[in-house]
Amino acid sequence: MSKKILIVDDSPSIRQMVEVTLRSANYDITAAEDGKKALDICQDNTFDFVLTDVNMPNMDGITLVKSLRAMAAFSKTPIIVLTTEAGADIKGQGKAAGATGWMVKPFDPTRLLQLVAQVLG
Amino acid sequence: MSIDIEQFHQVFFDESEEHLDTMEQLLMEIDLESPDTESLNSIFRAAHSIKGGSGIFGFDGLGGLTHVMENLLDKARNGQQVLTAEIINQLLSTTDLLKNILNDYRSGQPINQKEIDQAINLLEETIDADSASSELEVNNDGFGFFDSPTTSGQHTEAFGFFDGTDSAKETNDSAGFGFFDAEEKAEPVKDNGFGFFDTETVKPAPSEDAGFGFFDEPTDTAKTPRQPSPQQKVDTNNKQARSASTPAATQVKKPTTVENKSIRVDTAKVDLLVNLIGELVITQSMLNVLGNSETPLAKDKLEQGLLELERNTRELQEAVMSMRMLPISFVFNRFPRLVRDLADKLGKKVELKIEGGNTEIDKGLIEKLVDPLTHLVRNSIDHGIEMPDTRTANEKSESGVITLAASQRGGNIVISIIDDGAGLNKSKILDKARQNNIPVSDNISDEEVWQLIFAPGFSTAEEVTDISGRGVGMDVVRRNIESIGGRISIESTPGLGTNFNISVPLTLAIVDGMCVASGDQVFVVPLVAIIESIQPSQEQLRIISNEPLLWVRDKYWPILNLSKRMDIDGAIQSPTEAIIILIESSKKRFGLMVDRLLGQQQVVIKSLEQHYKRVPGAAGATIMGDGHVAIILDVESLADDVSTEATEKKHE
Chain A
5 MSKKILIVDD
15 SPSIRQMVEV
25 TLRSANYDIT
35 AAEDGKKALD
45 ICQDNTFDFV
55 LTDVNMPNMD
65 GITLVKSLRA
75 MAAFSKTPII
85 VLTTEAGADI
95 KGQGKAAGAT
105 GWMVKPFDPT
115 RLLQLVAQVL
125 G
Chain B
2 MSIDIEQFHQ
12 VFFDESEEHL
22 DTMEQLLMEI
32 DLESPDTESL
42 NSIFRAAHSI
52 KGGSGIFGFD
62 GLGGLTHVME
72 NLLDKARNGQ
82 QVLTAEIINQ
92 LLSTTDLLKN
102 ILNDYRSGQP
112 INQKEIDQAI
122 NLLEETIDAD
132 SASSELEVNN
142 DGFGFFDSPT
152 TSGQHTEAFG
162 FFDGTDSAKE
172 TNDSAGFGFF
182 DAEEKAEPVK
192 DNGFGFFDTE
202 TVKPAPSEDA
212 GFGFFDEPTD
222 TAKTPRQPSP
232 QQKVDTNNKQ
242 ARSASTPAAT
252 QVKKPTTVEN
262 KSIRVDTAKV
272 DLLVNLIGEL
282 VITQSMLNVL
292 GNSETPLAKD
302 KLEQGLLELE
312 RNTRELQEAV
322 MSMRMLPISF
332 VFNRFPRLVR
342 DLADKLGKKV
352 ELKIEGGNTE
362 IDKGLIEKLV
372 DPLTHLVRNS
382 IDHGIEMPDT
392 RTANEKSESG
402 VITLAASQRG
412 GNIVISIIDD
422 GAGLNKSKIL
432 DKARQNNIPV
442 SDNISDEEVW
452 QLIFAPGFST
462 AEEVTDISGR
472 GVGMDVVRRN
482 IESIGGRISI
492 ESTPGLGTNF
502 NISVPLTLAI
512 VDGMCVASGD
522 QVFVVPLVAI
532 IESIQPSQEQ
542 LRIISNEPLL
552 WVRDKYWPIL
562 NLSKRMDIDG
572 AIQSPTEAII
582 ILIESSKKRF
592 GLMVDRLLGQ
602 QQVVIKSLEQ
612 HYKRVPGAAG
622 ATIMGDGHVA
632 IILDVESLAD
642 DVSTEATEKK
652 HE
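Sequences listed follow chains A and B, in order.
For the first sequence, position 28 (counting from the first letter as 1) is numbered 32 according to my numbering, and the numbering increases by one without interruption.
For the second sequence, position 59 (counting from the first letter as 1) is numbered 60 according to my numbering, and the numbering increases by one without interruption.
To be clear, the hints were calculated from the coordinates, so they are not data collected in a lab.
Hints may be right or wrong, so weigh each one.
Computed cross-link-like contacts, SDA-like style, restricted to lysine to any residue with a CA-CA straight-line distance of at most 25 Å [to be verified]: (1) A:8 - B:488; (2) A:40 - B:19; (3) B:346 - B:288; (4) B:302 - B:288; (5) A:70 - B:38; (6) B:589 - B:488.
If we strip away everything but chain B, and leave its shape as in the complex, we get (with noise of 0.2 Å):
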């Protein structure tokens, strides 16, 4: 039975992927005075399984170059090599250009292998240059033998093991394992272990091409007949043929990210899935029971067995949602990198640090943050931090400070860019939007001018610099937050920093809501913008300029009736009779007048735009355990048709 090697091309990716990013980790993280050792094995260790694996599906181009890695590597972590900040930087680069043939591998596009070859040329020459001096340790090393130039070179042809074609030698490579025999000869290089694999045909040859061995000789080995397997090396010869052919089209354009749509998952949250749903099975055979059962007592153990399904399927539904879930530093682990090479590039010196990178997200929102993540923490580099020689002037440490943090805040994450820079200028700021035409009134407040700056065309062509400015402006990484249900706010201290705070959805898939009747409608208000639910007394309410205010809390709330802005008839239009939910948007704070409660529920979202169209004030819609359709509210766009002067005059 043959075994379809590529079934595990996907889990490969994933692995290798993960080694690359633990790599560049731990070279950013390297002491080049006393770099760790523990390091330096991990370090090593994620090139060795990114070449062996590479070797076993057949992925050549990353297996040459994790090769010569793997060598300078192994002299680094023996002493052999100095590491200097050139050589890190060289590994650095190298990660890189491993992404990249990952990702080309990954998306089925030729690999550049000139590329390969050069990077692998720098390497030898880096080893190269530096071993000469270490020549001399290494010979007297107990096994610097073993290293001697022909070992060596059977060593790279190990790998291209797949791609073996014709010759006698393949005889020996398809044996690819053998048995250390009793009589071993004292000289390992030259034992003879594979032979029992095929008497007749093995000639003599040195064992690095034999592939396995027994340290004793088995009883009944030599009369097994060697399997050659035909079938791998037809579709190797072919892998092989098309890497071959691929020098010549060096310039093909590359994809920049392949989405990856595989989870690996924690085996913990898989056996508690499976767990569960045998608890639901054994609910349902529970069920099963009941329905065949005329008894009176039958309705008391229906109603047990319909609470089990329900504890069930909740939970089912949790550990389901919870295998979308990863920590949030799997987008935080990119940036010291890139904060690393960017402050060197604009001679700044800038600190980052991390916080609550364990704290989990759901994937798809994860892939859709790297963007405006990376294009604030450019824009706080570039714009936020001083020079240093301007920092020390104004008295802050030389060094500047860029925190990444994320937390939960119950339905969601709060993420954090902080930086401890020079702040937003609110005078320049200004001027930009009155030369854009953005339409600025005069006593604008401080959060309504940071705000400007993501205003389409605010960008301006003199802003424009190699770092930030790639054509993407503000307004798209606010364009990117909103279309995951996310929010973007700013503080900003002259001479302190800027902070910028997103806040987005644990998960799109699942919200918390109450469900609500206006007339004969149902409606589902996100949980995480109620702050409560009172029947105003007519004491509690106000009409000023003809806006029903609500006084509560000792503040007034402007009233905004749901069934006059969705235009439902029969619904209770006195608030004294109707039920009035307060709620936080991102912007104001408001009352919604609703006739009555329904209840608490989860509710999976669907989206209204993809099955009918957009509607103002939805954010989706779901579907009800009767079957109706109820539409979510979006507390945001609501948000937008509260006037709030009536509020604001009575405040003053």
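Next comes chain A alone, as it looks inside the complex (with noise of 0.2 Å):
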């Protein structure tokens, strides 16, 4: 069975782009468009690594993180949060939140694949 990944972000183009290049290396994608709307997602799903953006309206990447980590099912689970500032401050608090890991905005298809493949191993 092919693995579960969440994506969050608010932008259309580039969930659009996450979401096309992850199914094209076979996963299987579910989209939110802000944290809110993810952590809905989350109280009737499960997922195997969760992909967030860090600024957004309704609930920011950090808050997501945060409240995922609170619920049971989400201790564990992969999160990256996705960010254009490389600022340690936002890794900080990624960090502090319980996130995984972070990437950086800009990246390519092929480093998002990169990324994933060795979360997911």
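Could you fit the two chains together into a complex? Lean on the hints.
As structure tokens, then:
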């Protein structure tokens, strides 16, 4: 069975790009447009991997990571935060929230696949 | 497998345009005294999103500018930068420039790098000018450290990422992500988590080059080979080469608008469509089974199946049509900016009110309404609204009000541009009409006077100003509106203001029609124009000055015999045996005499002009269920053939 990945980003173009790229590698993709919607989805679903943007309306990525980590089903799920800031403050926040790692935007499909392959083994 | 990144460009353009519109709108609403944090956050987020996407999709012209903009906005929302009217104006003109750049990318035009660099410099000056005073504050911040010049320099580099080339640093760049290992150094900037992507070749480098990281070390990562993507690099190098050559082409004329061919559709609408298709498939298979059975019950079932099919088709049609519908706020939202800028320029005070922005209208029509509406709004500000002192002298509020309103009335959308200005000047219009040799009768009604301003050539040189006289006269406004099947009317009261009312069909593709027969021909009358249909009695008919009239609803109605108008043989000529359809057009009301009514149905409009030629009295044609072509009548042009003399005489 293909691995299930949740992607969270408010930008339709980036969401689509990530979605198409990961589908091409036969991952099972679910997409959400902000943290709040992602959290709703996560109430009834589990994922092998979560990739989330940081800066989003309604609920940002850092809050999403914190909320997911508080749920038993997501306590161990790899979560990567996508961010345009390579700055250490965002990394610090991500780490403190319990994220597995970060990836800086911009990224290209190759890099994305590389990251996901590495996380999911 | 490689992913063609260009397939996402259209989505990116659309979303960026929306972000820019949001930014513009929010920027104009900002209260300088006490800026609303949530709107500042939204503006920041919009700039941030454009920056993020432009990096990924390689639109560096947008990336650099939004980056500086983002810095400024970030300072503003953190209270480190005081927003002034000048800064808002600067941000507004930056959004203008971003829109231009976006259009250039969209249409494949070279971007104007020089202009971008200038704008970046200006914004940076603004930031520097103000941050001098707030420097201390930043340093006192816990993370002020990360704002050091070197770090921000690398930030800028970070979105030049796709453009990276051959240096040793590129090795790190192309790793692009990394993991925080468990023994991460206390100094986050120096973390070397990316190391395990390429343990042999990675040189120690600041983490900003790594681009991704993990907070906990995964077990098997150290051996994962790094996969550079030469293809991507080649592509982006070309892109850079292209944009590098643009400063030379500064004077390239830009297309003003690029028609947007894609639609963003609410997912709920797509879901509905998918469901409906599902039902259609079920009905189809049901009919299929029936086709193969020979039982006597089959007929009943067939009828039931056909009913289902009819319902499915109708719902599908509605669902598909609704996808073309957009809220009219797409047009209206551009006006606050226009009104603000124009009022400033003219030294007038104008408040803009928008009503009914949620009214939905066909996307194709929306695009065609932009120009006429823009012209009318400009016109209202320029000629309608008076100068503040004139207004005060006339006991009006200093600030004029322009209302843009939209509402749906039957199959039409009515859009009004209402100003509380001086109103149209009847004698001036009449004078100008005479100067321009436009025939004017002596007892002309107000409405007819107002219509004179739509006459070709009416806008004369003396009236042309920088604002509304851009070589586009009101005649073009009317032509534009008529070209989409709409009509425009004016109400004006001296001293109180002017209303321009535009009525356009909801959609151009389908019309609710009444099918009628005249002789052996079938015609379709748009349902919106029909008041009622009657078979008149002899007592209701009169002949006045050789014109047949019908007395109904306490009024006389002139009668237009469709068979005579269309040269049809064998039609009923005696009104008492025929059917008279009472029709109300924008200009007049009349009775249309036909043989009989065939029934009501929705028809798809096909252009006659495109396939045959323009036919007076016909708005188009459609193909009926039996394969015959039926003419769709244009009640507006039929009304022109109706003589109202007799009716008026009778009413007097």
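The hints, checked one at a time:
At most 25 Å may separate the alpha-carbon atoms for a hinted pair to count; residue 8 of chain A and residue 488 of chain B exceed this at roughly 55 Å. Restraint check for residue 40 of chain A and residue 19 of chain B: satisfied, since their Cα atoms lie roughly 21 Å apart, inside the 25 Å limit. With a C-alpha separation of about 67 Å, the suggested pairing of residue 346 of chain B with residue 288 of chain B is violated against the 25 Å cut-off. A distance of roughly 8 Å separates the Cα atoms of residue 302 of chain B and residue 288 of chain B; the hinted pair therefore holds under the 25 Å criterion.
With a CA separation close to 24 Å, the supplied pair residue 70 of chain A and residue 38 of chain B stays within the 25 Å bound. Between residue 589 of chain B and residue 488 of chain B, the direct Cα distance comes to roughly 13 Å. Compliance with the 25 Å bound is thereby established for this hinted pair.
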